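Could you build the full structure based on these sequences and the hints that come with them?
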Amino acid sequence: MRDHQLELLRHAQEGEDVLLIAPTGAGKTLAGFLPSLIELSAQKSNAPEGPGLHTLYISPLKALAVDVARNLEIPAQEMKLRLRIETRTGDTSASKRQRQRRDPPQILLTTPEQVALLLASPDSLTLFSSLRRVVLDELHALVTSKRGDMLALDLARLRAIAPAMRVTGLSATVREPDELRRWIVAPPAKSGLVIAPPGAAADLSMLDTRERLPWSGHGGTHAVREVYERIKGATTTLIFVNTRAQAEAIFQQLWRINDDNLSIALHHGSLDASQRRRVEEAMAQGKLRAVVCTSTLDLGIDWGAVDLVINMGAPKGASRLAQRIGRANHRLDEPSRALLVPSNRFEVLECVAAIEAAREGAQDTPPARTGALDVLCQHILGMACAAPFDADRLFDEVRSAAPYADLTRAIFDAALEFVATGGYALKTYDRFAKIKRNQDGLWRVANGNVAQSYRMNVGTIVESEMLKVRLVHGRPSAPRGGAAQTRFGTLYAPTKLAAASAGPAAYTGPLRRGGRVLGEIEEYFLETLAPGDTFLFGGEILALQGIVENEALVRRARSDEPKVPSYAGGKFPLSTYLADRVRHILAHRAAWKHLPQQVQDWLELQGARSRLPRAGDLLVETFPRAGRHYLVAYPFEGRLAHQTLGMLLTRRMERLGLKPQGFVANEYALAVWSLSDIGTRIEKNLVSLEDLFAQDMLGDDLEEWLQESALMKRTFRQCAVISGLIERRFPGKEKSGKQVTISTDLVYDVLRRHEPDHILLQAARDDAATGLLDLARLADMLARVRGHIIHKDLERVSPLAVPILLEIGREPVYGQAQDEILAEAAAMLVEEAGA
Amino acid sequence: MIIGNGQEILIAGETCVADPSGALWHGGTRSIIVSDLHLEKGSSFARRGMLLPPYDTVATLMHLRRVLDHYNPQRVIALGDSFHDAQAAERLADAERKKLVDMQQDRIWVWISGNHDPAPPQGLAGETMDEIRIGALILRHEPQSGEAHGEVAGHLHPVARVVTKRGSLRRRCFVSDGSRCILPAFGAYAGGLNLRDEAFAPLFRARAPHAHVLGRDRIYSVALEQCYAD
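If you read the protein sequences in the order shown, they are chains F and R. Taking the working numbering, the leading residue of the first sequence gets 1, the next gets one more, and so forth. Taking the working numbering, the leading residue of the second sequence gets 836, the next gets one more, and so forth.
Rather than coming from a laboratory, the hints here were simulated on the basis of the structure. None of these values were measured; they are calculated from a predicted model. Hints are not guaranteed to be accurate.
What the hints assert, rightly or not - In silico EDC-like pairs for lysine to aspartate or glutamate, Cα to Cα no more than 20 Å straight-line:
{"id": "1", "chain 1": "F", "residue 1": "Lys-713", "chain 2": "F", "residue 2": "Asp-819"}
{"id": "2", "chain 1": "F", "residue 1": "Lys-468", "chain 2": "R", "residue 2": "Asp-1065"}
{"id": "3", "chain 1": "F", "residue 1": "Lys-713", "chain 2": "R", "residue 2": "Asp-1065"}
{"id": "4", "chain 1": "F", "residue 1": "Lys-468", "chain 2": "R", "residue 2": "Asp-1032"}
{"id": "5", "chain 1": "F", "residue 1": "Lys-62", "chain 2": "F", "residue 2": "Glu-78"}
{"id": "6", "chain 1": "F", "residue 1": "Lys-427", "chain 2": "R", "residue 2": "Asp-929"}
{"id": "7", "chain 1": "F", "residue 1": "Lys-684", "chain 2": "F", "residue 2": "Glu-654"}
{"id": "8", "chain 1": "F", "residue 1": "Lys-62", "chain 2": "F", "residue 2": "Asp-91"}
{"id": "9", "chain 1": "F", "residue 1": "Lys-659", "chain 2": "F", "residue 2": "Asp-413"}
{"id": "10", "chain 1": "F", "residue 1": "Lys-436", "chain 2": "F", "residue 2": "Asp-413"}
{"id": "11", "chain 1": "F", "residue 1": "Lys-427", "chain 2": "F", "residue 2": "Asp-413"}
{"id": "12", "chain 1": "F", "residue 1": "Lys-96", "chain 2": "F", "residue 2": "Asp-67"}
{"id": "13", "chain 1": "F", "residue 1": "Lys-792", "chain 2": "F", "residue 2": "Glu-683"}
{"id": "14", "chain 1": "F", "residue 1": "Lys-427", "chain 2": "R", "residue 2": "Glu-925"}
{"id": "15", "chain 1": "F", "residue 1": "Lys-190", "chain 2": "F", "residue 2": "Asp-178"}
{"id": "16", "chain 1": "F", "residue 1": "Lys-427", "chain 2": "R", "residue 2": "Asp-1065"}
{"id": "17", "chain 1": "F", "residue 1": "Lys-684", "chain 2": "F", "residue 2": "Glu-795"}
{"id": "18", "chain 1": "F", "residue 1": "Lys-62", "chain 2": "F", "residue 2": "Asp-298"}
As the list claims (entries may be wrong) - Label pairs and their computed distance ranges (CB to CB):
{"id": "19", "chain 1": "F", "residue 1": "Val-517", "chain 2": "R", "residue 2": "Arg-1040", "range": "51 to 59 Å"}
{"id": "20", "chain 1": "F", "residue 1": "Gly-448", "chain 2": "R", "residue 2": "Pro-953", "range": "30 to 38 Å"}
{"id": "21", "chain 1": "R", "residue 1": "Pro-953", "chain 2": "F", "residue 2": "Ala-425", "range": "30 to 38 Å"}
{"id": "22", "chain 1": "F", "residue 1": "Met-828", "chain 2": "R", "residue 2": "Arg-910", "range": "35 to 43 Å"}
{"id": "23", "chain 1": "F", "residue 1": "Arg-444", "chain 2": "R", "residue 2": "Glu-843", "range": "57 to 65 Å"}
{"id": "24", "chain 1": "F", "residue 1": "Ile-301", "chain 2": "R", "residue 2": "Pro-953", "range": "57 to 65 Å"}
{"id": "25", "chain 1": "F", "residue 1": "Met-828", "chain 2": "R", "residue 2": "Glu-982", "range": "44 to 52 Å"}
{"id": "26", "chain 1": "R", "residue 1": "Pro-953", "chain 2": "F", "residue 2": "Asp-696", "range": "50 to 58 Å"}
{"id": "27", "chain 1": "F", "residue 1": "Arg-102", "chain 2": "R", "residue 2": "Arg-882", "range": "31 to 39 Å"}
Heads up, the beta-carbon is just placed ideally off N, CA and C, and yes, glycines get one too.
Quick look at the structure:
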């Protein structure tokens, strides 16, 4: 046994909760189960009513739970233990689930949602009373989301039911281990800590491309040939990209040049689950040479054969990159091999910063969360479903969950009121209460329907409105052949692209159902498409035929140039830590020697034509171009914060009469264009940049904008579902038509106007602060740059500004009032009528 | 929203104004027509365990109040589905009932019956009818299939999804081909049905209709080709 495994065992045998931090490949999962296996071997199994549940293993991925269960059988057999080890996931049959409640196995492997469901049932008290150990796998990934909040609340309940229970947390390396040590126990206590020695240092490099580095874009297509060469030189390669769209594009391009017919597969969250399973199995059996994937494979089953990880595009964060690199070579003594492929010049800076951080072992995992209020509401209802509760005792229990340690009684009571009657100032729903307080002072569910509805709606993952993508029968317009006929073809290869490049022929017949479901795609993406538009999905070029109920009907397209899904940038913003380092590189010439020559030349040119900001400064450039006046700022705070800043800044400029026309944001910069010459006005002190970027924009301007913000409405919808205000949509249920379902956008508008302090709006605002609007980061930035704004009025566009200007037309343009869309459409009608 | 900045439209020769509030004004008879108020939809959901904010009735009546203040009509015609269910009128809070009664003062009030509210609302004034004629217009809740010259109806809650290079937008709208007109839903919680839905097809076979889309401060008339399915 390894040292860290022994040390963990020692903590466990002393009755301590313990956190194990270890790199992948260190035998972490087995270590987590050692105390259980030893205790179970000592336990007499002839207790009259069966031995009961001893260990609960919780993983974020059900595939991981299944895999660990399989691997656990081996040591159990070696120790000659007669154990029942079972999994419980959404796939487990109803009869087996029922049996597991009645007659539980000694070790149960499951997911957070299943734990919440078990705890909300009346028999949870008996089921968990025998519990001795909980093992939390991939804890670093779990704690960063609302799912983690839910799990923390459930842990608090498990501790209350089985006080002797001890927790073992298993985590990759994180920035602040103490936060996790507090998370797994009731604060302010801290668990024991075991840190396994790091593995061999990774062999990390950045692709020094022979091609010309693009100014902007995230495709990485310039490097596809070089990536293909690397795949050929390795046994098995994982190629990580940041978005599904990029995964589709890279996959397609690799197959275009796949003259050796390498088995290259695709894996991302929109693909049908069964297809993803097939790819994972083929990978486990060593049948694949490469998989192009998104963060769906950041976690998961160990694949010993992977000897190269390629990260295409921006790494986003040091810890994220370290975990991806760890997916290669799961033997500790051998270095992981990883290659970073930046897709544009700014990403070169980000890659260099990330490589430096990785070599130093620096971490930038996000700080501990404050528990979400919508999750709290869901939990309160679940606890009422389990058994009548006393509000004081539940409050104490909730506060013993780390994310809720600072929860006030007033907010808890508001959440309780929300669960009971909606919590509105206007008290009209008492007779419809979901939970009621009886004479004994305990809260109990009003009726069986409430518990039933809770079970249907449990969980914190709210998919965006997803539509199934179904291939309709009809005239297949692209011949299949070539790559599609290889052994892997039917499964993994994209349909051979048709040579003919005729546009998408419109399908004129009635829309027919039937045909294969290819996967799911976000409704908001499809909103940008018109019937006949083509897009890449599952490695094929598809033409949208129409949308019928919850399905997007598609046909294979006779097209060579798809309209690629333009999921804007990555899902994760550039971490503040990497952003700092990028600013530092820009400011210090000495750091440039690690940069490719073309990037050094670019920065030299920027220094000559404009200037390079010092690390603490915010550079703002103004210049005229093609009849417009541009203002470009470089905060390096990530796309979300920049979008919010752009919205607020243009409002402010509008008021100052600067006539802003629109803006575009990326991870590094923000460009606003206007009709009036802002540069000259700043020079003449008619406009103050300090005022323009003043923190008070987060006051009234923000409030005003939030009223109509679509991002805010999307955030609210998630809170409404998680808190139980509205029910999730289930397949088949939406058939009743749109008039009988309720639009959360309408609910948001009404609630905001009539009760702006309602707890759900507060929950949505909290989410927006860290989520889609990234207000917290924007606020920090505005504070940081106060007194440090450097203005440079230029005669023409600067080298640093070129990338962001190139994104105009490629990325959505903001800042135009929504009604302008209508005005434009109406103008076309007038034109038509006048002609 | 600016009320009164409407768009004149001809329906079967009758001059009407489509108001950005979603109401239709017939100046010749000083009549205002509003459809699908769905009052007490929130509490209707609450009965089934979804405790939606109980402010939809307040919001809808405030909206209606502003329309009446602007046009000062002699007659108000609620074009059906004014109440979300048969008990909705009884559930009205006293304050809301009073607002409604005040608005009914000194004017003719017609409740056209709809599928949600086939019977007259309990305890409220106003005449309940299945249909009413105004000049060349025939007003009813549910549009008849096929040709119906002069028909003004609701029921379908039309919304248009307009797509241009600038982006995409989904808003409530009037739909009219000059012969008949479908009104947008007026109620705060009333959802929408895309006018590209097949439910609209049999109504506008002869002529392609225009969508008169509710903007923030005016109506935008948009050709059908500019409107997309959801």
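Cross-check of the supplied hints:
Distance hint between Lys-713(F) and Asp-819(F) is fulfilled; the C-alpha atoms sit about 18 Å from each other, no more than 20 Å. The suggested pairing of Lys-468(F) with Asp-1065(R) holds, with an alpha-carbon distance near 14 Å, which does not exceed 20 Å. Between Lys-713(F) and Asp-1065(R), the direct Cα distance comes to roughly 18 Å. Compliance with the 20 Å bound is thereby established for this hinted pair. Using a Cα cut-off of 20 Å, the hinted pair Lys-468(F) and Asp-1032(R) holds, with the two alpha carbons roughly 19 Å apart.
For the proposed pair Lys-62(F) and Glu-78(F), the alpha carbon gap of about 25 Å is over 20 Å, so the pair is violated. Taking the CA atoms of Lys-427(F) and Asp-929(R), the gap is about 13 Å. The hint holds against a cut of 20 Å. The hinted pair formed by Lys-684(F) and Glu-654(F) meets the criterion: a straight-line CA distance of about 19 Å does not exceed 20 Å. In summary, the hint linking Lys-62(F) to Asp-91(F) is supported, as the alpha carbons are separated by about 9 Å, within the 20 Å threshold.
Taken as a hint, the Lys-659(F) and Asp-413(F) pair is broken in the structure, with Cα atoms around 47 Å apart against an allowance of 20 Å. Distance check on the hinted pair: Lys-436(F) and Asp-413(F) sit about 14 Å apart at the alpha-carbon level, within 20 Å; holds. For the hint linking Lys-427(F) to Asp-413(F), the alpha-carbon distance of about 15 Å falls within 20 Å, and the restraint holds. In summary, the hint linking Lys-96(F) to Asp-67(F) is supported, as the alpha carbons are separated by about 19 Å, within the 20 Å threshold.
Annotation: proposed proximity of Lys-792(F) to Glu-683(F) holds, straight-line Cα distance about 9 Å (limit 20 Å). With a C-alpha separation of about 17 Å, the suggested pairing of Lys-427(F) with Glu-925(R) holds against the 20 Å cut-off. Taking the CA atoms of Lys-190(F) and Asp-178(F), the gap is about 7 Å. The hint holds against a cut of 20 Å. In summary, the hint linking Lys-427(F) to Asp-1065(R) is not supported, as the alpha carbons are separated by about 37 Å, beyond the 20 Å threshold.
Distance check on the hinted pair: Lys-684(F) and Glu-795(F) sit about 16 Å apart at the alpha-carbon level, within 20 Å; holds. About 14 Å separates the Cα atoms of Lys-62(F) and Asp-298(F), which keeps this hinted pair within 20 Å; it holds. A C-beta distance of roughly 34 Å is found between Val-517(F) and Arg-1040(R), which places it outside the suggested range of 51 to 59 Å. Against the hinted window of 30 to 38 Å, the Cβ-Cβ separation of Gly-448(F) and Pro-953(R) comes to about 32 Å, which satisfies the hint.
A beta carbon spacing of about 34 Å between Pro-953(R) and Ala-425(F) agrees with the range 30 to 38 Å that was offered as a hint. A C-beta distance of roughly 37 Å is found between Met-828(F) and Arg-910(R), which places it inside the suggested range of 35 to 43 Å. For the pair Arg-444(F) and Glu-843(R), the supplied restraint of 57 to 65 Å holds, since their beta-carbon distance comes to about 60 Å. Range check, Ile-301(F) to Pro-953(R): about 60 Å between beta-carbon atoms, so the 57 to 65 Å window is met.
Taken as a hint, the range 44 to 52 Å is violated for the pair Met-828(F) and Glu-982(R), whose Cβ atoms sit roughly 28 Å apart. Under the hint 50 to 58 Å, the C-beta atoms of Pro-953(R) and Asp-696(F), about 55 Å apart, fit the expected range. Between Arg-102(F) and Arg-882(R) the Cβ separation comes to about 36 Å, which falls inside the hinted range of 31 to 39 Å.
Hint violations for this structure: numbers 5, 9, 16, 19 and 25, all remaining hints satisfied.
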